[in-house]
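Visitor: Note that the protein sequences, when read in sequence, are chains A and B. Numbering-wise, numbering that gives the first Met the number 0 puts 34 at position 35 of the first sequence, and it's gapless, one number per residue. Numbering-wise, numbering that gives the first Met the number 0 puts 8 at position 9 of the second sequence, and it's gapless, one number per residue.
Incorrect hints may appear among the rest.
[Stated by the list, open to error] Cβ pair distances, simulated, as ranges: (1) B/Lys51 to A/Arg99: 40 to 48 Å; (2) B/Ile81 to A/Leu170: 52 to 60 Å; (3) B/Asp27 to A/Glu96: 51 to 59 Å; (4) B/Leu124 to A/Ser29: 48 to 56 Å; (5) A/Ile158 to B/Glu28: 29 to 37 Å; (6) B/Ser88 to A/Ala145: 43 to 51 Å.
Read the hints as simulated data drawn from the structure, not as lab findings. C-beta: ideal position from N, C-alpha, C; glycine also.
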Amino acid sequence: MTGNVDFRSLVAAMAETIAANAERLTELDSAIGDGDHGANMKRGFEAVSGDLEQLAAKPFPEALKAAGMKLVMTVGGASGPLFGTFFMTLGKELTEETDRAGFVTAFEKAVDAVAARGKSRAGQKTMLDVLYPMLEAMKQGADPDAVAARAEAAAEATIPMLATRGRASFLGERSIGHMDPGAASVALLAGAVAQTLKSHEGA
Amino acid sequence: MNVGIVIVSHSPLVAEGVADMVRQMVGDEVGLAWCGGDPAGGLGTSVEAITKAIDKAWSDAGVAVLVDLGGAETNTEMAIEIIGEPRASRITICNAPIVEGAIMAATEASGGAPLASVVATAEELSPL
């Protein structure tokens, strides 16, 4: 699953899409949160990029774990532990020989770890509302492009949702009508990963 | 040795202000540390800063942590996990309002109460 794609290009693609969309993410967060999500995510992924050579020297699972820890330490908001826990758990569950089925299992554990960390579940207008549909798509055998498309649709689907967890839940009914910024970030990252996997396939 | 108190706010001004109030009302009988602000100096919380604050306020009797909004709690939970055992089980986040909770917890701690009583005293302030 991961043997033919290197950690460097994955991180570069994720950091690039977060940087390019930081303003939009912050705007989404200003509408229903505290307006720092884009800047926080950008800082986190810049920090991971800054350590790229050191990280890329590690085996893939170890690199994921270290990148997750870096996000925890540098993002600042609750997104740090949430996105960090995702990558740390994914790294913990993967081996360098993991096949597709093994990857889906690891992904599921990582999503569950995010739910536990955030004491949240599907349907509360959070990043989980994109991660769970992605997991479903993977279980159905979708390719990375289809998983990314599902992620994007799922992020859109958070717009009419009522937030019942996270800062947006303070707004109650007023949280309706805005996309959840965490959900938007997950969809962006999914798109970046799919793009990278596709370009490596073509190479 | 008395239970230590850590104050974690999104704002360094709030965290420091709460710590000042605790010092003035409770005195120097308890280990006390605060942190606030994200790693870039903006509003937010930092796992690294929280870890350092817990180290600073550390007591073998344990540490009670008062937090403000969601991210402060999530980041504190992460910090406790990183600190790990055997210390982790002696660090408790109080489900209590940050200002009143810190003062009640510190008052209880200054009398030598165990961690569970310190936390329970702060949490009496929480709406059910």
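Visitor: Give a verdict on every hint.
Guide: Here's how the hints hold up against the structure:
Between B/Lys51 and A/Arg99 the C-beta distance comes to about 42 Å, which sits within the given range of 40 to 48 Å. Taken as a hint, the range 52 to 60 Å is violated for the pair B/Ile81 and A/Leu170, whose Cβ atoms sit roughly 32 Å apart. In this structure the hint that B/Asp27 and A/Glu96 lie 51 to 59 Å apart at CB holds, the actual value being about 57 Å. Against the hinted window of 48 to 56 Å, the Cβ-Cβ separation of B/Leu124 and A/Ser29 comes to about 32 Å, which falls outside the hint.
With their beta carbons about 52 Å apart, A/Ile158 and B/Glu28 fall outside the hinted range of 29 to 37 Å. Checked against the given bound of 43 to 51 Å, the beta carbons of B/Ser88 and A/Ala145, roughly 44 Å apart, stay inside it.
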